[in-house]
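There are 2 protein chains.
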Amino acid sequence: MFKINDNYLKLPGSYLFSNIAKKVAAFQQANPDKEVIKLGIGDVTLPLAPKIIDTLHEAVDEMGHAETFHGYAPDLGYEFLRTAIADNDYKSRGCDISADEIFVSDGAKCDSGNIQEIFSIDNKIAVCDPVYPVYVDTNVMAGRTGTYDPVAETWSDVIYMPCTAENNFIPEFPKENPDLIYLCIPNNPTGTTITKSQLQDWVDYANKIGAVIIYDAAYEAYISEDDVPHTIFECEGARTCAIELRSFSKNAGFTGTRLGFTVIPKDLKCGDITLHSLWARRHGTKYNGAPYIIQKAGLACYSEEGKAQLKEQVAYYMNNAKVIKEGLTNAGFTVFGGVNAPYIWLKTPDKMTSWEFFDYLLEKGNIVGTPGSGFGPSGEGYFRLTAFGSHENTLRAMERIKSL
Amino acid sequence: MFKINDNYLKLPGSYLFSNIAKKVAAFQQANPDKEVIKLGIGDVTLPLAPKIIDTLHEAVDEMGHAETFHGYAPDLGYEFLRTAIADNDYKSRGCDISADEIFVSDGAKCDSGNIQEIFSIDNKIAVCDPVYPVYVDTNVMAGRTGTYDPVAETWSDVIYMPCTAENNFIPEFPKENPDLIYLCIPNNPTGTTITKSQLQDWVDYANKIGAVIIYDAAYEAYISEDDVPHTIFECEGARTCAIELRSFSKNAGFTGTRLGFTVIPKDLKCGDITLHSLWARRHGTKYNGAPYIIQKAGLACYSEEGKAQLKEQVAYYMNNAKVIKEGLTNAGFTVFGGVNAPYIWLKTPDKMTSWEFFDYLLEKGNIVGTPGSGFGPSGEGYFRLTAFGSHENTLRAMERIKSL
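Order-wise, the sequence lines are chains A and B.
Going by our numbering, the residue at position 300 of the first sequence is 289; the numbering climbs one at a time, nothing skipped.
Going by our numbering, the residue at position 190 of the second sequence is 179; the numbering climbs one at a time, nothing skipped.
For the record, the hints were derived by calculation from the structure and aren't laboratory data.
Keep in mind the model is a prediction, meaning the values are calculated, not measured.
It is possible that some hints are incorrect.
Stated by the list, open to error - Derived SDA-like pairs: lysine to any residue, alpha-carbon spacing no greater than 20 Å straight-line: (1) A/K12 x A/K258; (2) A/K40 x B/L(-2); (3) A/K258 x B/E315.
Claimed, not checked - Derived contacts from chain B toward chain A, CB cut-off under 7 Å, selection only: (4) M(-10); (5) G102; (6) E161; (7) F162.
Beta carbons: idealized from backbone N, C-alpha and C, even for Gly.
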């Protein structure tokens, strides 16, 4: 008789955003006349930029003729895209990353969920708390996290690094040495960042203890301040301890188009074995490449026209972030993030729990946000709003919050 | 100090098709004047059908306007596509599969590699021999296959079901009871099939011993004979023992466009736990949906126009299969498959090994095929050619083989 992977049963409840979607659907069904503004999930609202649309059309036409048709993509992604990534995201910043250290994929969510597969089940992970749930949940599914404490809402074999207002949302080196360290900078969900020298400390620490940093830089395009690292490979020594995950979802609005990449330097080794070779094997065995037309669209993001148009999109969302930050501050809230990231992290008022504030905001303001506690125990008492709504909706949401 | 997933190191050599690609690249570099005809990897050559191209353009335009832009897709795929699949691939054949039992993905390779994750590590798998390498390799990576015997080229904890000319390529029930049974029908690599009543026997067997059949029907569109099942859900009792994997790669030429789906009936349970719920959790946590524009292209495959155009494409390839089958037979080869599948499985001449014949065919005929032994020990002495080349190249390949 077959048996299931019991680790799945340990997962408490369903995936955070599925939960929220169900709550919102129930509210809308009960209140069909209310117009709900969604500032919850990090989904973009601006259409794809004109240069990307043009490129998609061109690539679609190529697929319609035998001479220019493209079948299976190369395992690691098309050379044209990997070269553009290496040149624009790394070499232009003085970072030593070559095209063949880049693995193109269908997005950072998949990569951040799958990357743990190439590591031993015995490895101990460290995560910031609060944290993007995928990092922890995928390790639960793999059986790497021990037992769940439903009261503390923590796993026995996970090292949590609290990031709260008290420590300025900067994770501290844990007492116990981790093997894998997940860092997301600029941070989801808090919208906060660390400086380049603080990240250098983490790189030095990882090299010292023999840990790998899984560095999620999905929000890199939103960095506005000088001293915030755009990639971990700006730090000395990162080539021997870091894997970087990147996405086209937030800088180019590809949430429904799907494209991302992972960087694994060939110097990152366990004994003689490069992690690059393991991930290449996984890619070759379990993945069949991102669609050609979408890799072409990715390339368009690096053209001069594409860059200019995407810069405008980011500016549009960051203007929303400013509106939210100012609106909430004026309404008396304590607010973090929103300067180098499209997320605003606020303290819930009147000692409400995060879910209490979720219900309150949905019922009274008809606004959807994300409860901080959904991202981990240290997120309790916080709440996330995103800048990805339309400008009109963002303004209206702030009007509603003002009059609550 | 971090440790890697040691199971990866147990994998012998690299992925079959990567190996072939390297050999071919080396040959072409050494012989730049020789024109190589590729009938090896199962990649299509016809461009996407006009209806699909038109639909892609329309969907791209939708992505360019805020009112019709699509961000994150629903976890399980868009309702429009899942309904079209349920209606066309199942209900129209009298099979009781509903839209919410269908999970849209970026292809059957990913699904067939990932599906093992929802099962216990202790489960024992059974595979046909020869077999599509992904089934075995992904179980190796998970640590489910025991130790490798490099002489026999088998894993200690895998049950092999030889499929050779001796048993008409029909797998027999193994002596030891498996927990998971991989069946690919029409078969890759042999191009052979089983009848509906033979498949019913497998369904009855799986229900009796409490096994799950992972049924890969990627080549369903190529079935030309009446008595071959188009889906396992034509069999009575399949809802309690079967998962079906389907692809748009071969029926619609989506190898570089990427779309597939997995069907998990809600009646398939381990105790009270539905496998549907586990796969839904995996999809929600580790996957972010297939691109909107490509799901729309999938929908176009089910339009009357799309169906007619795809039928023509399949006929084109099956005409190639006929050319290969007849060409090889006339040249004195013993040949199987090619009637309900785009694969031709031939016996190597003069007791050559599969790789010897690979080298011989590449060097003397400048034709690339796939060595049967790359699919498992019982594939030794066989060789696979595919019907996915252009008709001109297929004819030329047969000319070359005739004059060898």
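Going down the list of hints, with the structure as the test:
Among the hinted pairs, A/K12 with A/K258 is inconsistent with the structure: their alpha-carbon atoms are about 45 Å apart, more than 20 Å. Taking the CA atoms of A/K40 and B/L(-2), the gap is near 44 Å; set against the 20 Å cutoff, the hint is violated. Using a Cα cut-off of 20 Å, the hinted pair A/K258 and B/E315 is violated, with the two alpha carbons roughly 52 Å apart. A hinted interface residue such as B/M(-10) counts as satisfied when its beta carbon comes closer than 7 Å to some beta carbon of chain A; here the least separation is about 3 Å, so the hint holds.
A cut of 7 Å between beta carbons decides the hint on B/G102: the least distance to chain A is about 4 Å, and the hint holds. The criterion of a C-beta within 7 Å of any C-beta in chain A is not met by B/E161, whose closest approach is roughly 20 Å, and the hint is violated. Given the 7 Å rule on beta carbons, the hint for B/F162 is violated: about 16 Å separates it from the nearest Cβ of chain A.
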